[in-house]
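Line order of the protein sequences matches chains A and B. Position 476 of the first sequence, counting from 1, maps to 476 under the working numbering, and the rest follow consecutively. Position 499 of the second sequence, counting from 1, maps to 499 under the working numbering, and the rest follow consecutively.
One should not assume that every hint holds.
Calculated lysine-lysine pairs in the DSS-like style (CA-CA distance at most 27 Å, straight line) [stated by the list, open to error]: (1) 49/A x 225/B; (2) 500/B x 225/B; (3) 49/B x 458/A; (4) 152/B x 125/B.
Because the hints were derived from the structure by calculation, they are not lab data. Values in this document were obtained by computation on a predicted structure and should not be read as measured data.
2 protein chains.
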Amino acid sequence: MFNVLRINTVTGEVKRENGNSKQFLLGGRTLSSQLVSEEIPASCDPFGKRNKLFFCNGALSGTTVSSSDRVSIGSKSPLTGGIKESNAGGVVGLRMEQQGLRTIVLEDAPDKDSQWKIIVIGKDKTELIDGGFLAGKGVYEKSDLLSEKFGKKAGCITIGPAGENLLFASGIACSDPHGVCSRYAGRGGLGAVMGSKRIIAMVILADGEEKVQYFDKEAFQKASKRIVSLLKENPVSTKFTKYGTAAMVDICQAVKVLPTRNFTNGTMEGAEKINAQTMYDTIKERGGEGRTQHACMNPCAIQCSNVYPEKDGKLLCSPIEYETMALMGSNLCLKNLDTIAKMNRIANDAGVDTLDCGAAIGVAMEAGLAEFGDDEAAISMMEEILNVTPMGRILASGVKIAAKVFGVRHAPHVLGQALPAYEPRGTKGMAMTYLSSPMGADHTFGFTLRDEEDPITKEGKVALSKKFQVIGSRMDAMGLCNFVRYSVRDDMTPLLDLIKARYDVEISDTEFDDFVKDTLRMEHQFNTDAGITALDYRFTETFYDVAQTDTLEKIDITDEETAEARMW
Amino acid sequence: MFNVLRINTVTGEVKRENGNSKQFLLGGRTLSSQLVSEEIPASCDPFGKRNKLFFCNGALSGTTVSSSDRVSIGSKSPLTGGIKESNAGGVVGLRMEQQGLRTIVLEDAPDKDSQWKIIVIGKDKTELIDGGFLAGKGVYEKSDLLSEKFGKKAGCITIGPAGENLLFASGIACSDPHGVCSRYAGRGGLGAVMGSKRIIAMVILADGEEKVQYFDKEAFQKASKRIVSLLKENPVSTKFTKYGTAAMVDICQAVKVLPTRNFTNGTMEGAEKINAQTMYDTIKERGGEGRTQHACMNPCAIQCSNVYPEKDGKLLCSPIEYETMALMGSNLCLKNLDTIAKMNRIANDAGVDTLDCGAAIGVAMEAGLAEFGDDEAAISMMEEILNVTPMGRILASGVKIAAKVFGVRHAPHVLGQALPAYEPRGTKGMAMTYLSSPMGADHTFGFTLRDEEDPITKEGKVALSKKFQVIGSRMDAMGLCNFVRYSVRDDMTPLLDLIKARYDVEISDTEFDDFVKDTLRMEHQFNTDAGITALDYRFTETFYDVAQTDTLEKIDITDEETAEARMW
Numbered sequence: 001m002f003n004v005l006r007i008n009t010v011t012g013e014v015k016r017e018n019g020n021s022k023q024f025l026l027g028g029r030t031l032s033s034q035l036v037s038e039e040i041p042a043s044c045d046p047f048g049k050r051n052k053l054f055f056c057n058g059a060l061s062g063t064t065v066s067s068s069d070r071v072s073i074g075s076k077s078p079l080t081g082g083i084k085e086s087n088a089g090g091v092v093g094l095r096m097e098q099q100g101l102r103t104i105v106l107e108d109a110p111d112k113d114s115q116w117k118i119i120v121i122g123k124d125k126t127e128l129i130d131g132g133f134l135a136g137k138g139v140y141e142k143s144d145l146l147s148e149k150f151g152k153k154a155g156c157i158t159i160g161p162a163g164e165n166l167l168f169a170s171g172i173a174c175s176d177p178h179g180v181c182s183r184y185a186g187r188g189g190l191g192a193v194m195g196s197k198r199i200i201a202m203v204i205l206a207d208g209e210e211k212v213q214y215f216d217k218e219a220f221q222k223a224s225k226r227i228v229s230l231l232k233e234n235p236v237s238t239k240f241t242k243y244g245t246a247a248m249v250d251i252c253q254a255v256k257v258l259p260t261r262n263f264t265n266g267t268m269e270g271a272e273k274i275n276a277q278t279m280y281d282t283i284k285e286r287g288g289e290g291r292t293q294h295a296c297m298n299p300c301a302i303q304c305s306n307v308y309p310e311k312d313g314k315l316l317c318s319p320i321e322y323e324t325m326a327l328m329g330s331n332l333c334l335k336n337l338d339t340i341a342k343m344n345r346i347a348n349d350a351g352v353d354t355l356d357c358g359a360a361i362g363v364a365m366e367a368g369l370a371e372f373g374d375d376e377a378a379i380s381m382m383e384e385i386l387n388v389t390p391m392g393r394i395l396a397s398g399v400k401i402a403a404k405v406f407g408v409r410h411a412p413h414v415l416g417q418a419l420p421a422y423e424p425r426g427t428k429g430m431a432m433t434y435l436s437s438p439m440g441a442d443h444t445f446g447f448t449l450r451d452e453e454d455p456i457t458k459e460g461k462v463a464l465s466k467k468f469q470v471i472g473s474r475m476d477a478m479g480l481c482n483f484v485r486y487s488v489r490d491d492m493t494p495l496l497d498l499i500k501a502r503y504d505v506e507i508s509d510t511e512f513d514d515f516v517k518d519t520l521r522m523e524h525q526f527n528t529d530a531g532i533t534a535l536d537y538r539f540t541e542t543f544y545d546v547a548q549t550d551t552l553e554k555i556d557i558t559d560e561e562t563a564e565a566r567m568w
Numbered sequence: 001m002f003n004v005l006r007i008n009t010v011t012g013e014v015k016r017e018n019g020n021s022k023q024f025l026l027g028g029r030t031l032s033s034q035l036v037s038e039e040i041p042a043s044c045d046p047f048g049k050r051n052k053l054f055f056c057n058g059a060l061s062g063t064t065v066s067s068s069d070r071v072s073i074g075s076k077s078p079l080t081g082g083i084k085e086s087n088a089g090g091v092v093g094l095r096m097e098q099q100g101l102r103t104i105v106l107e108d109a110p111d112k113d114s115q116w117k118i119i120v121i122g123k124d125k126t127e128l129i130d131g132g133f134l135a136g137k138g139v140y141e142k143s144d145l146l147s148e149k150f151g152k153k154a155g156c157i158t159i160g161p162a163g164e165n166l167l168f169a170s171g172i173a174c175s176d177p178h179g180v181c182s183r184y185a186g187r188g189g190l191g192a193v194m195g196s197k198r199i200i201a202m203v204i205l206a207d208g209e210e211k212v213q214y215f216d217k218e219a220f221q222k223a224s225k226r227i228v229s230l231l232k233e234n235p236v237s238t239k240f241t242k243y244g245t246a247a248m249v250d251i252c253q254a255v256k257v258l259p260t261r262n263f264t265n266g267t268m269e270g271a272e273k274i275n276a277q278t279m280y281d282t283i284k285e286r287g288g289e290g291r292t293q294h295a296c297m298n299p300c301a302i303q304c305s306n307v308y309p310e311k312d313g314k315l316l317c318s319p320i321e322y323e324t325m326a327l328m329g330s331n332l333c334l335k336n337l338d339t340i341a342k343m344n345r346i347a348n349d350a351g352v353d354t355l356d357c358g359a360a361i362g363v364a365m366e367a368g369l370a371e372f373g374d375d376e377a378a379i380s381m382m383e384e385i386l387n388v389t390p391m392g393r394i395l396a397s398g399v400k401i402a403a404k405v406f407g408v409r410h411a412p413h414v415l416g417q418a419l420p421a422y423e424p425r426g427t428k429g430m431a432m433t434y435l436s437s438p439m440g441a442d443h444t445f446g447f448t449l450r451d452e453e454d455p456i457t458k459e460g461k462v463a464l465s466k467k468f469q470v471i472g473s474r475m476d477a478m479g480l481c482n483f484v485r486y487s488v489r490d491d492m493t494p495l496l497d498l499i500k501a502r503y504d505v506e507i508s509d510t511e512f513d514d515f516v517k518d519t520l521r522m523e524h525q526f527n528t529d530a531g532i533t534a535l536d537y538r539f540t541e542t543f544y545d546v547a548q549t550d551t552l553e554k555i556d557i558t559d560e561e562t563a564e565a566r567m568w
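Just chain A, same shape as in the assembly:
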């Protein structure tokens, strides 16, 4: 049940190993980070033969538990220079389970001009076939070609032109239940790591025959239903069901942490033009293929995803999430959902992270290469990324590099990864989380904002961030969607019951959190071994020297405080 499939990308050799241990029981980020730490020399070149790319599903993958099929992708990140896990929804986690796999590992790296390959994993064999026909194409076309060749039910993984060109903002796209590669493990440049191994796609066929085994099926079903009712009762997840993550626009505008004008302001006049209600109304009004609710995997009781249609009702982009609406919207002073949707679509096609590219366009605008609020210029910059022009290369190299090339000091990132959509001078809890994450700035790593009584003070935020680091990491450890956390944050029992009922393994909540904390320790150790120092866990100097225009706050967090927030 806990098999590991190792694929050498140079020789094509495939090995199937048994990974039957407690480590493999948990899966997700806990597993990927452990494997990264054990098997990758921390100081290696992310694009060299010593780096590896791990795909890990979770302990409840393939079961009836809501939102449990996420796949964690782990590696050394070219973007941050440190450890990376980025996870995605879709059907890949499920298809891995059906093939009896907990982990797939891509090893070694061929010469840079080697033929592109597709890895095809089926019940009888795993093979590397010619992938040249996909090269240079956008992710939408790649996705269609993969569906055509391997069927819409296959679990497909691919990269865009950005990943093929080793650009640091490139992600990995995983197929959704409709066979569209639209679920991104977007962060950290993992698409470029896959590109460096000359693997243009990986397909897990839908012919897997492994059945999920339960120690106590009845107990499992009962516990699984319990999760659903917890999700249905919870006010946060139910709000996401109606509005998706777009609900955050109004919340962040109210708290004055909506990133605006390259993270100089915390509110945008006219933010209501891109808020959840406007999006909901637009989708409803246009009808057609539009959906205000959509599941990235089945089963899911939240369905926070959506389908945003063109005026004529045809699908324009799916999904559009809050983070993108802020980084590609308010951050650029853009107030048009159609513009954001177009940019998001081009980003998906190019295979890049919307946050990193949105932030990079923000610094380009600050450098005067376009005006803030210029919709056409913003779309045109995204097209440069898709076409891999010199300008596009800069924009898809991450905001840290883009800011250096454009001569801009105010660069919103930590460890090179763009800040998510919470202006950190207005929320010291999120600021603390950004500064504590071994993955670079990451909101899912410890989401404090909803629990900050006074967001602008740093008092108590070390403890608050650490509390949510544990809560968030629990979800990652199980391959569960982060939004499940709202329902189990105070009581892990429903999840531990599921482990017990499936595997006949008793894990106490303390033991579980020990796993999670071990993971955090390992991740930070990897970064230290990779040459990342305490000085790297900082915002750019401008965040400390210049007040945000709405909260009038600066960053006042010290190196000692961030060090404490990284100590486990």
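Once you have looked at the hints, place chain B on chain A.
Leaving out everything else, chain B in the frame of chain A:
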């Protein structure tokens, strides 16, 4: 005699301080590195208000001693993230001395859109005047405008469009005896630091009235003549007198360390087309303004500089040095001196370092953005730099960033600074020096090649590199041209006699070397405090994994060995 002029670039406030101490006695890099260490917080943003820019001349500046007027410019480098000293010839050091200055310091930094200023330093006052009329212009035009306004004899310092745009490969141009700003402190992005302070030029008027004071003038003149005869007797400096540094082309081709095809080969077929003899013959044949010998400052008994003319005899570029001929020639498989001269001229006009840009074009060619050996493409890339296009911005951001943006792993640099013109797998002594320099890869930091019996072995190279680190640093400490070292490397007495005769200060050779070693310690400490770790003192992984095609050698130097070479 040891005055320090402090200029606040925000308020315009000017302070003249007395810096009378042993520290100020030595000057040059010893002084600039001490000031950087004492006054700049190591972890600051190089473009922020906490960084400073120091200009320091040396102990023998303004005297009759050959090649003694170099000016050391010190700061925190945006290119390497660490300490930086880069020095230049020309008349700036002399004009400082005549104004009674050992050091000029630019402090603070105005807002990024503030008006450009020119600092004008005269005997009666120092003022900041409007510099807007220079903005956006090339260095040749700036130089003409400055000469027109302030006279050809003024010591002028300016930056090009690259520095104005904060690009990391930008240098600082200093005027030569003809009033042309052609003597570059090219390395480390110091032009961008000056740009970040919104200082587009600094002029030291030729109205200075300080006379050089001597404790014992007769003894000084005697010791000064001794230096000239040592230089005239020395085979290396006399060879430089005839051929300039271009003499290195044949030497490096013979030892198989001539960087070729983005540092993959160590020889180039047809290297004789760009060697010293061809250059000498071309200059002689074309006549006109061409000069095979030329002095960057007076007096100079070496005169390694040259004037390379167009076919019609008009000045095309002055000087052309070996490092440029390799990085912009063989490294790009270009075999035409006219092409190299044109590229060099454009680099001087844009205000960028020829090594860093040549290396960046090399990785662009490896990425397939142009063919190796394509003269027109190479010239056109330089024009992109001059015009600050997106492509030009990438190429002028240093080879480390350029390689990331272009997706190239084989990036010839240490600490972000491009490798000079000695392929390190073929000379482990130079490799050791590159890996030990706190300034990033730098050949002047400890030039071992002429003293390596067996260049490909690493045996004994820690000691050899350290020996030449001290020898090179002695010259830097006095503001002397590096090429003087050949004449005094085994016996410092002639220089110490000069110090005694001028200042009535006795320094023993041991004391002198203690100063030098203290400087090295301070420089490394600054880098450590800036977050640079042992892992940063490495070549890219490709230099360790892939053999150079001519020597068949890889880098086999360990972190422990480089750490030893940095330990003083």
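Taking the hints in turn, this is what the structure says about them:
1. 49/A x 225/B: violated, 59 Å
2. 500/B x 225/B: holds, 15 Å
3. 49/B x 458/A: Since the Cα atoms of residue 49/B and residue 458/A sit roughly 25 Å apart, the hinted pair holds (cutoff 27 Å).
4. 152/B x 125/B: Holds. Residue 152/B to residue 125/B sits at ~20 Å (cutoff 27 Å).
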